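*Asks:* Chains as they are written, first to last, in my numbering: chain E, 1 to 628; chain S, 1001 to 1103; chain V, 2001 to 2170; chain A, 3001 to 3469; chain F, 4001 to 4484.
These are calculated hints, taken from the structure and not from any lab test. Nothing here was measured: the structure is a model prediction, and the numbers come from that model. Each hint should be verified, as a subset may be incorrect.
[As the list claims (entries may be wrong)] DSBU-like cross-link-like pairs, simulated, lysine-lysine; straight-line CA separation at most 35 Å:
1) K3430/A <-> K601/E
2) K4021/F <-> K3349/A
3) K2095/V <-> K3349/A
4) K3362/A <-> K2166/V
5) K3002/A <-> K1100/S
6) K4159/F <-> K601/E
7) K160/E <-> K28/E
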Amino acid sequence: MIKLVGLIPLFPLIGFLINGFFGKKLSKSISGAIACISVLASFIVSVLVFMELHHAADKSQVVEIFSWINSDSLKIPFSFLVDPLSTWFLLIITGIGFLIHIYSMGYMHEDEGFSRFFTYLNLFVFFMLLLVLGNNYLVMFVGWEGVGLCSYLLIGFWFKNNSYNKAANKAFVMNRIGDLGFLLGIFLIFTTFGSITFNEVFGKVSAASTGTVTAIALLLFIGAMGKSAQIPLYTWLPDAMAGPTPVSALIHAATMVTAGIYMVVRSNIFYSMSATASEFVAIIGAITALFAATIGLLQTDIKKVLAYSTVSQLGLMFLALGVGAYSSAVFHVTTHAFFKALLFLGAGSVIHAMGGEQDIRKMGGLKKALPVTFMTMFLGTIAISGLPPFSGFFSKDEILAHVYEHSPALWFVGVLTSMLTAFYMFRMMFLTFWGSFRGTHEQKHHLHESPKSITIPLIVLAVLSVGGGVLGLPEFWGFNNYIGEHLDSVIIRKNPSIMPHDTEWMLMGLTVISAVAVIYFAYQMFMKNGVLPVENEKQLKSWQKLVYNKYYVDEFYDAIIRKPVDGISKAFHKFFDIQVIDGIVNGVGSTVNWISGLVRKVQTGHIGFYIMAMVLGVIVILFTTLMK
Amino acid sequence: MINGIPINYYILLSAILFIIGAVGVMARRNAIIIFMCIELMLNAVNLLLVAFSTLHNDANGQVFVFFVMAVAAAEVAVGLAILSMVYRNIKSIDIDLLSKLKN
Amino acid sequence: MLGYSITQWLFGILSFLAIMFGLMVVFTRNPINSVLYLVLTFFCIAGHYLLLNAQFLAVVHIVVYAGAIMVLFLFVIMLMNLNEDSEPQKAVITKVIAGCIGGVLLFVMVGSLKGAEQLQLQASGASQIGLVKNLGRVLFGEFLFPFEIASVLLLAAMVGAIMLGKKEIK
Amino acid sequence: MKGLCIIGGLGVLAMMAEVFKFKKWLYPIVLIGVLGAYVANFIEWTQLADGQTGSFLDHVFFKFNNMIRFDNVSLAFSGVIIITAFFWFIMSNDYFSNETSVVDHFSLVLFALTGALMLTAFTNMTTLFLGIEILSIPMYVLAASKKGDVKSNEAGFKYLIMGSLASAFLLFGIALIYGATGSFDLMQIRSVISAGNLPVFFYAGVIMMLVAMLFKVSAAPFHFWAPDVYEGSPTVITALMSTVVKTAAFAAFMRLFLVTFGGVNETWGMVMAIVIALSLFISNITAASQNSVKRMLAYSSISHAAFMLMAILANAPGLTSVKVILYYSLAYSIGSIASFTVLYQVSKKGDESYHAFNGLAKRNPMIALGMLISMLSLAGIPVTAGFFAKYYVFSALIATSYKWLLILAVLTSCVGVYYYFKVIIAMYFKKPETEEPVQFELGHALLLGITAMVTLVLGLMPDLIIRML
Amino acid sequence: MLTGLLIIFPLIASLLLFVMKGEGAKKAVLGFSIIEFAMSIYAYVTFKADAASKMLYLNCTWVESLGIKFSVGLDGISLLLVLLTTFLVPLIILSSFKTTYEKPNAFYGLILLMQSALVGVFTANDGFLFYVFWELALIPIYFICLLWGGENRGKITFKFFVYTLFGSLFMLIGLIFLYNHTGEVKSWNVNDLYAAGRSLTEAQQTFVFWMMFLAFAIKMPIFPLHTWQPDTYVVAPTQGTMLLSGIMLKMGTFGLIKWLLPVVPLALAKWGGLAVTLSVIGIIYASCIAIVQKDYKRLIAYSSIAHVGLIAAGILSATQQGVQGAVIQMLSHGINVVGLFLIADILMRHTGTREIDKLGGIRNMNGQFGVLFLIIMLGSVALPLTNGFVGEFLLLTGVYQYSHMFAAIAGLSVILGAVYMLRSYQGIMLGEKKDSLGTFGSLAESDKIVLLIVCAAIIGFGVYPKPLNDLAEPAVKALLQNLK
């Protein structure tokens, strides 16, 4: 089956092609079915591959599809790498992808772009699979940019709305900034090691100087920053919520945004060689985690809350990567994929029920109208808040333990982040599902639980969110950390934890207690006191205003990047190009004309002058040649 | 030294006459006088040729003078014909009036 | 006389006169006077020819220039009735410039004409080259072709002059 | 030599046409005569000894007491002159039929041609001088030949005065050289030069002759007469001046300065370079802002003269420079004749400006095409003859120390393209004032066809000419 | 033989066209161009079978006295460019079917004439022949622009003509200089010129380098010699613009590869940095300007400057990847830009304007067009699995080996390119339809076919560029051997 790994991306590609070419002629159900089946087929193959690899002796198998780019020493085949890391991600992508495809059948049913949506979605899955399957950095980059494209297409799915289009453009451009870093990283890898195939490169790393490795690691990390929405390239992600909700769930929560983590894990050898780069990754991750979490506190759009939460969680994962806890990061990717997809899908269900309304100030008391949604979302919220024994608890705890080992200060940031997370998540839950309904009558009239195609994925994901923790039970509890073992062959593992068990217990206890305390505080605030987010921005206090407006980062970027670039461009165009350069060119022409006008005057028409000129000419010539 | 006179003197003399002619061409507006000045220049050349002819004791120089004379005569004939035609048209032989063609 | 031979005296006087008359040609206002001065200059030049033992040439010179060409000039001047001092004059500045240019030209020429001393001097006095017989031999011998072709020149001049001179017949 | 005799005889014959009343037959007779002269010339060419690519002035076919000598080079240039003259006669057929003094015109042109042919073959200062005068005097008359037109008078007058002055300088130069070398014979002068030890005034003589010749080829700063005379003269006469006269002047120039004074070229090299630079600059720059196509062509002829002078300046080994000039003068003559033919036709109403060409492509596409090709050739665009002409000049000059001239030549060529293309733009782009087609008579159309073809054929196979010498 | 035929055939065809009348010419010219394409495919097959096949070479004397030969032949690079030319010309012709031109026979005749000259440029193995074809290519395009162009064309096309001629005259001087150094028996043969160039001193090489570089830089165009280009592109008729940007621009880059790189290695080592700097500045500069363009055609024009700047930088880096990338990118850019200009033309025909601000919401009216446009745009921003990516990646790799910094700066075009392309796509296609716009209608069959072929090529060569690489790689390798 491993030899047939090419089938995994092939199925979604076929789905894409069918829907792309014939989507309009097919009925909605057929079109959706094709998309779902193609992903399901991939999932099945993935599972088979996963199983086979699990038993195989060779944990890293290369499958070459065709020769792609050849240029002297630069040989880049289009080939896939099947190893524990890629298969793990294959499962997440195809699995969650399949659920979301199902969900979308219901969610997008009324949309006129139904088949187009599935076309894009299949294309996304295809590229995402390429990303994780690629055997070299360039194939990875293909997937990398490809998912960026799909993200662009899906954010701007409702292309009649120009603000959505702007968000899509923003996402694409910001990703491209990261991609440039990635690309430069690839170049550096190529010039240093003469190859960009993973195994070849990793085999030679030790020969390279630390400086080069740091440079490579940082350049690659720039790519990750873009894709995984880290400071300073995170602002596109909240805007990306313009896309349909399943997209937010699949792309902007579960899979694409974790590509950065995948890449760092894949290249972990560089990071483990370079302390500087690791430290940098950790700090960026920590800052992002905290920063995004604070913004999340005051958001009123249900999807925006989740978006910032995603950014924050991604920050947490990078923090893990920075401290060398690669498998913990993958673990958190996995659990995060479960509960964040769940939360987004739940939110989608709410929005669906509310007729498109996304503002939590207009919701409230939906618990009764949407029981399944409520239940599943509630489980997801608990999971993300890190309460045991939900999956989030295990993954987050594992990370925090490793962070503590590395630096207590960062650990404190992590804990703070998870407290904030618990707070705003419960804030969202309380405001949405409890209390009284604050929307219009019409909305209230239309409130209803979503169809099966929506609820079933919710339930599945809820189960996974709850039980996902078993994949990585803490070692000091005496369990085998499944993920850790699984990824053993691809990861430079830190030495097993040397912390005393009681310290670990204490840390775990602290985080749980703090989370519970925060939830209680939220409960007090929103349930007991019924505090509502203010309607009008003017009523906010100044610090709140700052946070509410996301620290004015967008405005800041606008002022220091977009406007100057536009200004410079205009100056280049209007002044430099037209006036200076073309001015010089045209100036040559007009100068010729001008001189011509002058020289013409010399031809006076007076013969006396001509004669004089001639005689003068004779004099000058005689003088210069003979009077030396 | 020709008959006791250095050749340089002849060269100088004809140069002076030549230049007088040239100055005349430059300084006068009357076309006829300009023609005359050109004749003067040609004569200066003739004188030089004869002087060199004697110096080299070679008849070619003097024969050449004949041709110069023939040409001078021809030029004068044509020149005066043109002049009279110009005069017929503009009733003047002032060369400064003939400056329609310019720039 | 004063250490100069008669030839030298004659050379000096003729040269002085030639230059003076030459200047008068240029500076006289009345064209008729110019013509006459030019004739005088030609006579001086003829004198030089005699000094240089070019007797035949001197005679031809008088006949062609003084006798034919200058008469033609006179005819034209009279035909056009330019017998006055009314000729418009060039601006003084032009004249000054012309004079200056002439001066500079003289300077340059004098400078460039030096070096004639190196020429090998021929025995002189007994020269027979200026005689008709000798000239005729050269002219109709070596210079036959130019002589013949000069006829074309004269023909062309004649045709041209006639063409320009005659009235347009419509 | 036979060619020269035939042309001269034709001139005399033409004079008699009035008296003997065969005026009507004169035009065909002259055409046949010119063709005959070409054939005679060609026969002489074929009778030349083998190994025609020998050094200059070898392979004498005819000579006359060291006065005139028809060698391979002179025969080649004679051929160019005669064939150009033949084209010219075709071009100016109706000019003659409109003219009252047709006989005089014919004889004058033929006499001028005689002079031009002399200039290709002289070996003596006497024949040089006579040749120049025989060429010039009829041209003075022809320039002034529109008797009632003040402009034409002015042109003739200016030409005459300036030409006489140049002759005076030429003569002074000849006299000085005679004084220094004791001879008028070019070969003898050359041997004296190679013996060395010349007085300074010899060099002055060379310079004066150079000035006179530069005047004849209208190089700056001795070019002032050219635009005025070209503009004032009747168009066909201008065509004659810019082709036959120029070719002849260059043939003479070449004999003097490549052969006779070749030994002292360090004297005149730098002078020539500066003159070329000045000519290139002034001509092209001034041409750029002209409104009259005729005047533009006058300036362009100065610029082409500068290019040909570059070939002389390069003084390339063997016959290279000569070949270049031969090729260049042929290419230029052909191009000029074609453009003057068109100009002559479209300016019949008196408008010689660019407007006269407006919309010519619509009014008569074939003629416009002919003009287009000649303009491209004059501008030096491949694969026309004009391109190879320029190419040869460049390649001759690049081996010398005057490379800076090339840069200037390129820059000014671009300006040149500007004014040639103004004509093209007018023909193809501007709206015509009237839609009525321009009628061209068969002779002119044929002429344009032939010139266009020759231009292209020479552009594709330059060896046809280059291999001749 | 075959190569000679590739040059001669369009020439004869164009002469035939000139005597044809009106509408018949349209079909005939398409037929001719397709036959030409088929012939070039045959050449490709022959080349694949035996690269040294006699069929591919023609070598006959032209001007014997100067050692000029009519010597043409195909190597990997020139074959690719010939294929590009013969591939694009039918598309260009097809794209004109919806536009009615006055005197179509002359119009198409000139296009074929141009094709003949272009094939000549790409195949010439003789320096002089190269120059002649180089100039010849200029004349038809000049007339295409002059006669069928837009507003103010007289001045603009003239500027274009003189500007490029100016450069090429300097190239002529450079070539003659090389020729004069080819030893006892002068020769214009490309290998002799290479040898001559390498025998020069550094100062002489520098002279030749700048003389030739000027010509190529103007043709491409490289900053700051580019100002003729946007105006000309805008004013030219669409087919003229396609020819200019799709093929003619490659003359400059091709010239760099074949006629400059191997000739003057010393000068390249010394002055290449400056040239690369100019190219890189041009990339950023043109990209920036493209961002603020209002006219879509002008935007593409500037984007073309940016692309070609990268190509030039890649070539001048003189690395295998750089040059090979340049070759590939030349093809990709040719194909993409034809598509983009056709889109500009379609916009103009369907809506009467190309101003981005006045357009909008077209995707609502014609989704198919929206998708085709999207694909071409993505090819142009070099998204992976489009043809643009392969070239751009190799180019940047090459430049990176030359200088890390330049690669980083040049890489900014990746971002800026996305900015202006997406912005313009959004402005034109997305959002709500503007009230001022009429109905868009459906695409004409001919347009649709061209766009589909272009899209197929974009994706096809993006996914599987091996055929191109197989041709380019050995040729570039052999060329770079010359540098050592």
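*Asks:* Each hint should be assessed against the structure and marked as holding or not.
*Replies:* Hint-by-hint comparison with the structure:
Taken as a hint, the K3430/A and K601/E pair is honoured in the structure, with Cα atoms around 29 Å apart against an allowance of 35 Å. The straight-line distance between the Cα atoms of K4021/F and K3349/A is roughly 34 Å, inside the 35 Å bound, and the hint therefore holds. With a CA separation close to 42 Å, the supplied pair K2095/V and K3349/A exceeds the 35 Å bound. Restraint check for K3362/A and K2166/V: not satisfied, since their Cα atoms lie roughly 44 Å apart, outside the 35 Å limit.
A distance of roughly 43 Å separates the Cα atoms of K3002/A and K1100/S; the hinted pair therefore is violated under the 35 Å criterion. A C-alpha spacing of about 26 Å is found between K4159/F and K601/E, which places the hinted pair at or below 35 Å, so the restraint holds. The straight-line distance between the Cα atoms of K160/E and K28/E is roughly 21 Å, inside the 35 Å bound, and the hint therefore holds.
Checked against the numbered hints above, the structure violates hints 3, 4 and 5; every other hint is satisfied.
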